[in-house]
Amino acid sequence: MSLDQNPRNVDKLPGAPRGGGDQAALTEAKLADNTDQSGRKSLVREYAEAIIVAMLLAFAIRVFVVQAFKIPSGSMIPTLQIGDHILVSKLSYGLQWPTDCKVLWSFPPLNCYTSETVVTFGKPQRGDIIVFRFPEDEEKDFIKRIVGLPGDTVQLKNKSVLVNGQPLDDKAFTQRIDPGVIDGTINPRDNFGPVTVPEGSYFVMGDNRDQSLDSRFWGYVREEKIRGRAFRIYWSWNGQGNWTEWVRWERFGKAIQ
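Each residue of the sequence shown is one higher than the one before, starting from -10 at the first, in my numbering.
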């Protein structure tokens, strides 16, 4: 048996390159580089999608389920202290659909001033602590306790709150720091009414009776302006005295009643 000595047949051997080996290597390198770039772009896209989904989920929870607020004033002392951070349930009275919204260049991107109840779970009750749009400036949120329901007659006599002619048992959760009594013709703080709460509205007061700007001064809260019911303190910051007392650890997780 003799070997084929024809050099042209070498190219016919299996696996032998057909010339242009450098070009093939360059092509493979380009393909690998394109694969790496595609992988990086895919990873960036995944991160971007995850961030967008997280923001949309946070926005939906904030609008429809629960929202956090900070207490800036002492109008609800002793129930709520300045520096308390609270959670407000948007589902306490029903599933609310926000209306009358304004687009913002921030997060959340919408600021809504009213809401329509799509599914009703219940009505606000006397004693509920609610967050609502302040009637005189709807850019602000206020927090107060419901004292009068629609159809109730509310009156104050020498600091005593009367609802439908009966004294309101509020000593367990209210504070009065001024022993003096102001005449109702001068200031409605201690002597007020009687008034009848209109349908679809609520009469609210701060627990710090002597230092609260509430329905005695500016009227009623419309139901569609209620943003939710406060139910839990999740953080409380004092920021005064010794640094070890800056955080009110004993208030963490406290139910709001």
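FYI, nobody ran anything at the bench for these hints, they're computed from the structure.
Glycine is no exception: its CB is placed at the ideal position from the N, C-alpha and C atoms.
Hints may contain errors.
[To be verified] The calculated lysine-lysine pairs, modelled on DSSO-like cross-linking and capped at a C-alpha distance of 27 Å, are:
id, residue 1, residue 2
1, Lys160, Lys112
2, Lys91, Lys59
3, Lys160, Lys59
4, Lys243, Lys160
5, Lys129, Lys59
6, Lys129, Lys146
7, Lys243, Lys112
8, Lys129, Lys243
[Said to hold, decoys possible] Derived Cβ-Cβ restraints for the label pairs, each shown as a range:
id, residue 1, residue 2, range
9, Gln229, Val33, 23 to 29 Å
10, Gly230, Phe206, 20 to 26 Å
11, Gln246, Ser31, 48 to 54 Å
12, Trp232, Pro124, 35 to 41 Å
13, Leu80, Lys146, 16 to 22 Å
Hints, one by one, checked against the model:
no. : hint                        : verdict
1   : Lys160 / Lys112             : holds, 24 Å
2   : Lys91 / Lys59               : holds, 22 Å
3   : Lys160 / Lys59              : holds, 25 Å
4   : Lys243 / Lys160             : holds, 20 Å
5   : Lys129 / Lys59              : holds, 12 Å
6   : Lys129 / Lys146             : violated, 30 Å
7   : Lys243 / Lys112             : holds, 24 Å
8   : Lys129 / Lys243             : holds, 25 Å
9   : Gln229 / Val33: 23 to 29 Å  : violated, 46 Å
10  : Gly230 / Phe206: 20 to 26 Å : violated, 33 Å
11  : Gln246 / Ser31: 48 to 54 Å  : holds, 51 Å
12  : Trp232 / Pro124: 35 to 41 Å : holds, 40 Å
13  : Leu80 / Lys146: 16 to 22 Å  : violated, 37 Å
In summary, the structure is inconsistent with hints 6, 9, 10, 13 from the numbered list given earlier, while agreeing with the others.
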